[in-house]
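If you want the building blocks of each chain, they are given just below.
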Amino acid sequence: MNKITIINGYKEYIKLKEKIIILDNINISFESEMMYGIFGKSGSGKTTLLNIIGTIDNLTSGTITFDNQEINGMKKDTIADLRMQKIGYIFQDFYLNENLTLEENISQPMFINPKFNKKSIQERSNLLIDMVGLKERKKHYPNELSGGERQRVCIARALANDPDIILADEPTGNLDKKNEKIIFEMLRKLANNGKCVIVVSHSNSIFEYTNKALKLEEGKLIEYE
Amino acid sequence: MNNMFFILLKRRMKSNRKKNIALLIPISIILLFVFFSNLFYYSLEQYINSFKNNIELRTISIDYFNKDNFENIKHKIEKNDNIKMIVSEYERAPYSLSYCLQLANDNKDGIVFLKPINIKVCPEVIKGRKITDNDKYVVILPNKIYANSEIKDIILQNEYTNCENLINQEIDIKFENDVIKKFKVIGIYDSEIYKETETLYVPAEIIKEINNELGYTPKNFKLEVVVDKIENLESVNNYIYDNNIVEKNTLVEEREKSFNNDVSFIERETINESNISLDTFKLIKSISYFLLIVSIFLFLLILLVTDIDKVYYSSREIGLMRIQGYKEKQIQLLTIIENIIISIISFIISLILLIIIEKIIWIFINNFISKDYIGITYNEIKNQLFYIKDIPWNINVINISITFIAMILLQLINTFIINKYVFSKTISDNLKMK
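Chains as they are written, first to last, in the numbering used here: chain D, 1 to 225; chain W, 1 to 434.
None of these hints come from the bench; they were simulated from the model.
Pairs of lysine-lysine residues, derived as DSS-like cross-links and limited to a Cα-Cα distance of at most 27 Å, are as follows:
no. : chain 1 : residue 1 : chain 2 : residue 2
1   : D       : 17        : D       : 41
2   : W       : 420       : D       : 75
3   : W       : 18        : D       : 139
If you're wondering where the values come from, they're calculated on a predicted model, not measured in any experiment.
Bound conformation, chain W alone (with noise of 0.2 Å):
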């Protein structure tokens, strides 16, 4: 391509300029509607995988009242596959609250809770390192906790304290009695990733090591029992009850009733929780992935629709500038690259848009609609499925880029395809189409 091509690139969009500024109309507004759905769909699928990465999810919790069971409940679950570990025996609440000195609010002790884990079930940490089976007195942090003064409500708070300065210190945390234990903190996990924000990992050993020292006889024991996909939970839980591990109760009411007998029963709201988020994430995803085809479709069909009509109206030109000596491959080359020029110009545009409307959205989401929340317990889950405000709205440069090529390979394609038509006519019909 020579400097003459390029004049006559520069006469031909002036030649084209008022159609072409509205054809970058119907281009830049699908464009936008591609991208949101992609801004959707994606952010989406980040916010449910980490629903599904929640340990919480994961967990099927079994209440049983004989100790001495435990071995032989813990042996026969552990023969499925899908089991990615067995938290041991830890006596339920309260004796795995804690008081943490330093990580209270306004001078108060803040009640945060322990949570026995090892090395096969650690939240993923964004500083420092897991807990391994070697680690004693070692402790990991959510990275914004709030220590609430409730054991079971959770209070809406703006201020939390930032757990990230205190890697690698000390913290002291108190049990009944004032028994002061010091834990290194040598992991932070993302609160927001694993919604949690009172819960410190501390390895299962020394759970069991304080609550002897502390001389606390449970009154009755739970297993938690790890799944490795939330996928598997109802078909473990099935499998526990289909190998009589444990006897069919699903009502809390019997826990009570059955506190001095041997009646082992599995808490049904982790997954009657965890189905309805299965079942509740697979609307919302086939809703957004049926949104990013349908604008996928109108992208491909109002690209080729105004290809067309562009076409077809310079097709009295094209006939001139044949007559003129032009050859075809001159014309494609000139018509190619100004189609692919003006989607350019409507793809900046729309990313534009996107950014302002993306940050305007936010504005409203951060100070209209949600509340400064960002812990939830399990229980929970259900009414905080949809927070919007936890949602990872993040353009996805690779989408994007990925649409930008396809857009230009269309647009050659397309361009290329439709002036073969126009070219299979005679010229003197070039000068009469309209």
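Isolated chain D (complex conformation) (with noise of 0.2 Å):
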């Protein structure tokens, strides 16, 4: 089932007077059970694509739509229950709250979810840091983790609300070769449970866990499998 559809996708920036097309007549379509690569040279566009996809940003025109719903001229609010519900992000910098131990940086998601309470949070938080391994240091803060273990935390908390969708802005572009590798197997995984994940990376390693590979070149999107 397509998860996510984009038809005809264009983006550009005006930065001092002069236009800057980033995507140009971009049509693609996003499934579960899989895992994507998009890469590309630095400036090509593949976070505003993925920002795009991720509700963060906006199209200049074309459309978007998830499990069939379109996004354009859907009310904020709306937008906003759909990335609670559907939509997990994890970022290159991690942007975890420095002064919340790991424990609550992951439950953070969960409290605007109603299908939650008090209990139920502590239970699935505690779920989600066995699931990636950082039982033992659940009280602690960011800043007395590992690079390799905060992107862990990263992927916990995109994983909070269950979204269907994870997506992943070169999540080891900080970390070393060992690291990279356990956060591609965690995201391969994800994907086996039935997730769709969409990877930005600069790393070659990506296509060893990926279904397609996506390259985009001058603002436009090639498909290589």
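Reassemble the complex: the two chains are provided individually, in unrelated frames, and hints are given to aid placement.
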């Protein structure tokens, strides 16, 4: 089933009265149980594409649908609900709250989900912490963790509300090879468990784990199997 | 708002605690400044108003020598609408000097002034009642009396007699030739507000009666024209001159020359003193008002700047919350309540500091600046105008409450508007904001 579909996607920026085309005529569908790797030169628009898929940026023109629901024209609150329920985001720079513990960072998205109460938040947090192998570190703060551990926290946080779609923007950009492998394996596992995982990465190792590779070049998206 | 919201709020406060503690400092300092300006302005206003209410400052004294002229002068003056009353004639000192046996210190006879009064012009009493037209041998006392032994000199003393317990009792007042009259104490006025410690108010007719009984033949007479407001003093004065009610004569020495002549003149002292007082009051009030405005302006500015700084500081966090699905309304509520809590804490800190510093200033003033002296005569008003100890330094609860409410509303509006700006950006812009 197509989770996300982009039709005639176009994105431009105007900078100093000059038009810069980032994405041009993007037509793509992303499915469940698949892992996609997006690659390309620096500045080719990979992060922009990911942000658009994640509804944190907008297309200049074109449509994007989630489970056959069109995003264009949706109310802000509805889009917010969509993000809460269906999308989990993992960043290169982690974006963890340095003043909250690991456990608190992971559970943060659950507090606005009406299906959770205090007890179930606690239970799910413990489950996710176990899943990423950081049980002994749950009361620690992010600055007490290594890069790899932080990224694992980010994965756990992204999975807080059990979303269908996981978006990862250079998740291993700040990690060594060993940790990179751990992260990619975790992401692959998520895809195997039914999620739609879309990863932007410079690393060639990603292609060992992806079902499809997508190259962004001069605003165009080229698919590779 | 449910339990989850409070957990989130607690987390947010924890998350931003370093920033919040840093913000407490400027907000507390500026609030303290606002409180002090407020205290200064309103305390001075009270002090100045008490001066303005002072009968002495509203009185034009007219000396004249021909008793027959009195009714004529009085009739002409009374036509002015700003005249509160004209105290009927009485002879100048020493006739009005009396010995009040029960009010003396150290078993010495204390000298007090008897001042004629009537229902129109009577000091406000803090106990008992005012003098009415039907009263005869009644008296209104100051609550703190210092009966001094010299007419003109006011001796600085630590002790005074508290008269409040004398209400409804009779006191003896001794006049010349050992004539003693009993007066019933019907009222007590506040000697600090009226700046009088040796003036007893008795019905005007009684003064006349006693003068007759004692066989006083006044050499000269005095009219005391009490004006309704201190601001009208000059205009009434000019009215008197412009209508040739009295001749212009401003030198005291002239009085001696004109002793056997029918020349009337107005003593200038009160008007000069009052004018100087009014001008100085205006200046002091302007300065304090300016300080108050500046403090309020700075307060608004600091609040705005700290809010902007705070929201920018947490804009990345807001972006992250938006990615996680937090709605604008939820984020607004969290940030607004958080900022209000910080403001309330700052407010409490400032208030505590205000009380402590005020007490320290009070101790300092009492022990190092002012002498223990509470009475003044109107001739010495100019030197006593800003007797710090006499200023009622009171924290005005209403103003504090208004400041509190204004602060809460400002925080609400500031945070809401700044958040709106953050929300107007895309989430990716929020994440990049520094």
